[in-house]
Amino acid sequence: MADDDKGTNQRMDDADEALALRAQAGDRQAFAQLVRRHQERVFRFVLRMLGSREEAMDLTQETFLKAYRALPGWRPEARFATWLFQIARNATLDQLRRRQLVEFVPLDADAPGEAACEPHDAAPLPEERLADRQRIGLLERALGALPAGQREILLLRELEDMSYAEIAATLGVNEGTVKSRLARARAAALAHYRHHAGESPDDRSA
Amino acid sequence: MTDPHEVHASDSDLSAYLDAELDAAARCRVENHLAACPRCAARLADFRHLAAEFARLPRESLGCDLAGVIAGRLAEEARPRPRVHASGWRGLLPLGFGAAASVALGIAMGAVLFGGGAALPRMAAMSVFDPIPPGGLCPGLDACYARGADMTGAFK
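Residue numbers (numbering that gives the first Met the number 0), protein chains in the order written: chain C, 0 to 205; chain R, 0 to 155.
No lab work stands behind these hints, which were simulated from the structure alone. Heads up, a few of these hints could be off.
Said to hold, decoys possible - FRET-style restraints, in silico, Cβ to Cβ:
1) R:24 - C:173: 16 to 22 Å
2) C:25 - R:34: 36 to 42 Å
3) R:101 - C:77: 43 to 49 Å
4) R:54 - C:75: 46 to 52 Å
5) R:72 - C:198: 57 to 63 Å
6) C:77 - R:23: 15 to 21 Å
7) C:13 - R:7: 26 to 32 Å
8) C:25 - R:27: 51 to 57 Å
We put the beta carbon where it would ideally sit given N, CA and C, even for glycine.
Based on the sequences and whatever the hints tell you, model everything.
Set out below in structure tokens:
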């Protein structure tokens, strides 16, 4: 299974590289394909970092525009997806600095920003999904309570499934730092999760 | 070698173990410890639970394709900005006509005011009026006081 994943990732990287080289040579269609291949991942990451759908839409666009302008400096030695996430991450941190975000905006409090794209399922949830919904809410609150540095590393690992080497390249740190920072982020997320769930910090799952 | 049960595994090692990012030796060490330490096993279970919760997070979607939007913005950036001389000398025609009209109007007005002819009698007629009406305020010192008078109005 892991070998299959590696093979799939390698094929994606090869395809990205070929498209990026064509885009570097001025092929706009190739760049459009790169946008289509990565827009959802970039958007998800930015959205979870910022908490605002509207801002995430804008910043995703900005990320790709910056990527296009920076494309002459891209080299095939750098994995395109990692390089793109570096740009997205820097743009996101700039945005957070600009608005001096103190509190994370929960996703479900962001209804006004949904006009630009199709809203997700707005129908009332079936009762059997209510518990799931509450747990997701707890996790989102826990995630939102983390500092940006811990939030980003958790998102890159847990949602984007990046390896430590990829995270290190994206964040511009070494793998040892990734290992320790990720552990701290997990511990902090667990503490916040339990706090919001009303559990004692000493409670442990069986 | 110390007893593996004496010291608990660090969060850092447990987290990396969960992610399969430990080298073989470290992995073996952690596995041995976990087999005998319920506390560290519970901590690992916590991390695993957290990872499972992340996997349940809804996959937010853009809901639209940005490729077209970005292509449009790139095309807009690449389009040359409109410049005055971009369309050649024809682009200067309106500006030239406007300038010529302004100069011609200025010359015509100057000729009327200072060029003599019909303008002179009107200027002469206007000069019979005192610039300051009776009881009016001085528009400036030069207007109220004749040359040679100090500011108090006294002649020296």
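Structure-based check of each hint:
1. The hinted range of 16 to 22 Å is satisfied by residue 24 of chain R and residue 173 of chain C, whose Cβ atoms lie roughly 20 Å apart.
2. Restraint check, residue 25 of chain C to residue 34 of chain R: a C-beta distance of roughly 59 Å breaks the suggested window 36 to 42 Å.
3. In this structure the hint that residue 101 of chain R and residue 77 of chain C lie 43 to 49 Å apart at CB is violated, the actual value being about 60 Å.
4. Between residue 54 of chain R and residue 75 of chain C the beta carbons are some 32 Å apart, a value that contradicts the proposed interval 46 to 52 Å.
5. Separated by about 48 Å at the C-beta atoms, residue 72 of chain R and residue 198 of chain C break the suggested range of 57 to 63 Å.
6. Distance hint check for residue 77 of chain C and residue 23 of chain R: the Cβ-Cβ separation is about 29 Å, which falls outside the suggested range of 15 to 21 Å.
7. The supplied range of 26 to 32 Å is broken by residue 13 of chain C and residue 7 of chain R, whose beta-carbon atoms lie about 43 Å from each other.
8. Under the hint 51 to 57 Å, the C-beta atoms of residue 25 of chain C and residue 27 of chain R, about 52 Å apart, fit the expected range.
Going down the numbered hints, you'll see the structure goes against 2, 3, 4, 5, 6, 7, while the others check out.
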